[in-house]
Amino acid sequence: MDDTPALVARYYAAFNAGDADGMIACLAPDVAHHVNEGQIRRGAIAFRAFCDHMARCYSERLEDIVIMATPDGTRAAAEFTVHGSYLVTEKGLPEARGQSYTLPAGGFFTVRDGQIARIVTYYNLADWVAQVSR
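Residue 147, in the working numbering, is where the sequence shown stops; the numbers in between run on with no holes.
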């Protein structure tokens with residue numbers, strides 16, 4: 014289905030614009046957000062809190078985004094490169110000093126009724142820690 018890649022592209026365009034409202038507009042109200050190395054966040058309110066936290070601690074831009082979808086449009090995946098800066102120290106992670114990092118990453122999606130119902134984000138945390146610890 015052609016709508017699914019466009020939906021995922023809108024989601025990532027909103028991410029790159031720092032537009033949490035635009036990202037949330039792509040989501041089902043009961044979205045399940047599976048973050049790398051973290052707990053599942055459920056619903057738009059939890060997703061907004063995550064976005065607010067990420068905007069405070071990191072400045073990120075996604076490039077080289079490639080989106081793939083199943084023929085029926087119910088599943089999608091995206092591969093991309095994260096270019097970021099670590100701005101505020103997170104508990105249990107190295108101290109933030111504005112370090113830059115570049116990581117390959119991916120996202121996996123379930124789409125229901127034209128909205129993203131599940132997001133799974135993956136990147137290599139050990140690679141990120143090594144880059145910001147230099």
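Among these hints, one or two may not hold up.
Unchecked claim - Within a straight-line C-alpha distance of at most 20 Å, the following computed SDA-like cross-link-like pairs (lysine to any residue) qualify: (1) K104 with L138; (2) K104 with G51; (3) K104 with R125; (4) K104 with D43; (5) K104 with Q52; (6) K104 with P42; (7) K104 with D126; (8) K104 with I53; (9) K104 with V48; (10) K104 with N49; (11) K104 with D77; (12) K104 with L75; (13) K104 with T83; (14) K104 with E76; (15) K104 with R131; (16) K104 with D65; (17) K104 with G56; (18) K104 with F63; (19) K104 with M67; (20) K104 with E50; (21) K104 with A38; (22) K104 with A139; (23) K104 with G35; (24) K104 with Y114; (25) K104 with A45; (26) K104 with A143; (27) K104 with V79; (28) K104 with Y71; (29) K104 with R147; (30) K104 with M81.
What the hints assert, rightly or not - Here are the simulated distance ranges between beta carbons: (31) Q112 with D85: 27 to 33 Å; (32) L116 with A30: 16 to 22 Å; (33) P42 with G105: 29 to 35 Å; (34) E108 with Q128: 34 to 40 Å; (35) L106 with A22: 16 to 22 Å; (36) D126 with T102: 36 to 42 Å; (37) A139 with G86: 41 to 47 Å; (38) D85 with A62: 17 to 23 Å; (39) S98 with A22: 23 to 29 Å; (40) E108 with A26: 19 to 25 Å.
FYI, nobody ran anything at the bench for these hints, they're computed from the structure. Heads up, the beta-carbon is just placed ideally off N, CA and C, and yes, glycines get one too.
Results of checking the hints against the structure:
In summary, the hint linking K104 to L138 is supported, as the alpha carbons are separated by about 14 Å, within the 20 Å threshold. As the CA atoms of K104 and G51 are separated by approximately 13 Å, the hinted pair is consistent with the 20 Å bound. About 35 Å separates the Cα atoms of K104 and R125, which puts this hinted pair outside 20 Å; it is violated. At roughly 28 Å between alpha-carbon atoms, K104 and D43 are farther apart than 20 Å, so this suggested pair is violated.
The suggested pairing of K104 with Q52 holds, with an alpha-carbon distance near 15 Å, which does not exceed 20 Å. The suggested pairing of K104 with P42 is violated, with an alpha-carbon distance near 29 Å, which exceeds 20 Å. A hinted pair counts as satisfied when its Cα atoms are at most 20 Å apart, and K104 with D126 does not qualify at roughly 37 Å. Distance restraint check for K104 and I53: the Cα-Cα separation of roughly 18 Å lies within the 20 Å cut-off, and the hinted pair is therefore satisfied.
For a cut-off of 20 Å, the pair hint linking K104 to V48 stands: about 16 Å separates their Cα positions. Proposed proximity of K104 and N49 is supported: the alpha carbons are some 15 Å apart, at most 20 Å. For the hint pairing K104 with D77, the CA-to-CA distance comes to about 30 Å; that exceeds 20 Å, so the pair is violated. Proximity of K104 to L75 is assessed by CA-CA distance (about 24 Å); at most 20 Å being required, the pair is judged violated.
About 38 Å separates the Cα atoms of K104 and T83, which puts this hinted pair outside 20 Å; it is violated. Restraint check for K104 and E76: the C-alpha separation of about 28 Å exceeds 20 Å, so the hint is violated. This hinted pair does not check out: K104 and R131 have alpha carbons roughly 26 Å apart, beyond 20 Å. For the hint linking K104 to D65, the alpha-carbon distance of about 16 Å falls within 20 Å, and the restraint holds.
The straight-line distance between the Cα atoms of K104 and G56 is roughly 24 Å, outside the 20 Å bound, and the hint therefore fails. About 15 Å separates the Cα atoms of K104 and F63, which keeps this hinted pair within 20 Å; it holds. Distance check on the hinted pair: K104 and M67 sit about 13 Å apart at the alpha-carbon level, within 20 Å; holds. Of the supplied pair hints, the one linking K104 and E50 holds, its CA atoms being roughly 13 Å apart against a limit of 20 Å.
Restraint check for K104 and A38: not satisfied, since their Cα atoms lie roughly 30 Å apart, outside the 20 Å limit. Taking the CA atoms of K104 and A139, the gap is about 16 Å. The hint holds against a cut of 20 Å. Restraint check for K104 and G35: not satisfied, since their Cα atoms lie roughly 28 Å apart, outside the 20 Å limit. The straight-line distance between the Cα atoms of K104 and Y114 is roughly 19 Å, inside the 20 Å bound, and the hint therefore holds.
Between K104 and A45 the alpha-carbon distance is near 24 Å, which puts this suggested pair outside the 20 Å criterion. Our distance criterion of 20 Å between C-alpha atoms is met by K104 and A143, whose separation comes to about 16 Å. About 32 Å separates the Cα atoms of K104 and V79, which puts this hinted pair outside 20 Å; it is violated. This hinted pair checks out: K104 and Y71 have alpha carbons roughly 14 Å apart, not beyond 20 Å.
For the given pair, K104 sits about 18 Å from R147 by alpha-carbon distance, which is consistent with the 20 Å threshold. Annotation: proposed proximity of K104 to M81 is violated, straight-line Cα distance about 34 Å (limit 20 Å). Our hint of 27 to 33 Å for Q112 and D85 is violated, since their Cβ atoms are close to 42 Å apart. Taken as a hint, the range 16 to 22 Å holds for the pair L116 and A30, whose Cβ atoms sit roughly 20 Å apart.
Take P42 and G105: their Cβ atoms lie about 31 Å apart, and the range 29 to 35 Å holds. One distance hint, 34 to 40 Å for the beta-carbon pair E108 and Q128, holds here, with the actual separation near 38 Å. Distance hint check for L106 and A22: the Cβ-Cβ separation is about 30 Å, which falls outside the suggested range of 16 to 22 Å. In this structure, D126 and T102 meet the distance hint of 36 to 42 Å, their C-beta atoms being roughly 40 Å apart.
Look at A139 against G86: about 34 Å separates their beta carbons, and that is not inside 41 to 47 Å. At roughly 32 Å, the beta carbons of D85 and A62 sit outside the given window of 17 to 23 Å. With their beta carbons about 24 Å apart, S98 and A22 fall inside the hinted range of 23 to 29 Å. Checked against the given bound of 19 to 25 Å, the beta carbons of E108 and A26, roughly 32 Å apart, lie outside it.
In this structure, the earlier hints numbered 3, 4, 6, 7, 11, 12, 13, 14, 15, 17, 21, 23, 25, 27, 30, 31, 35, 37, 38 and 40 are contradicted, and the remaining ones agree with it.
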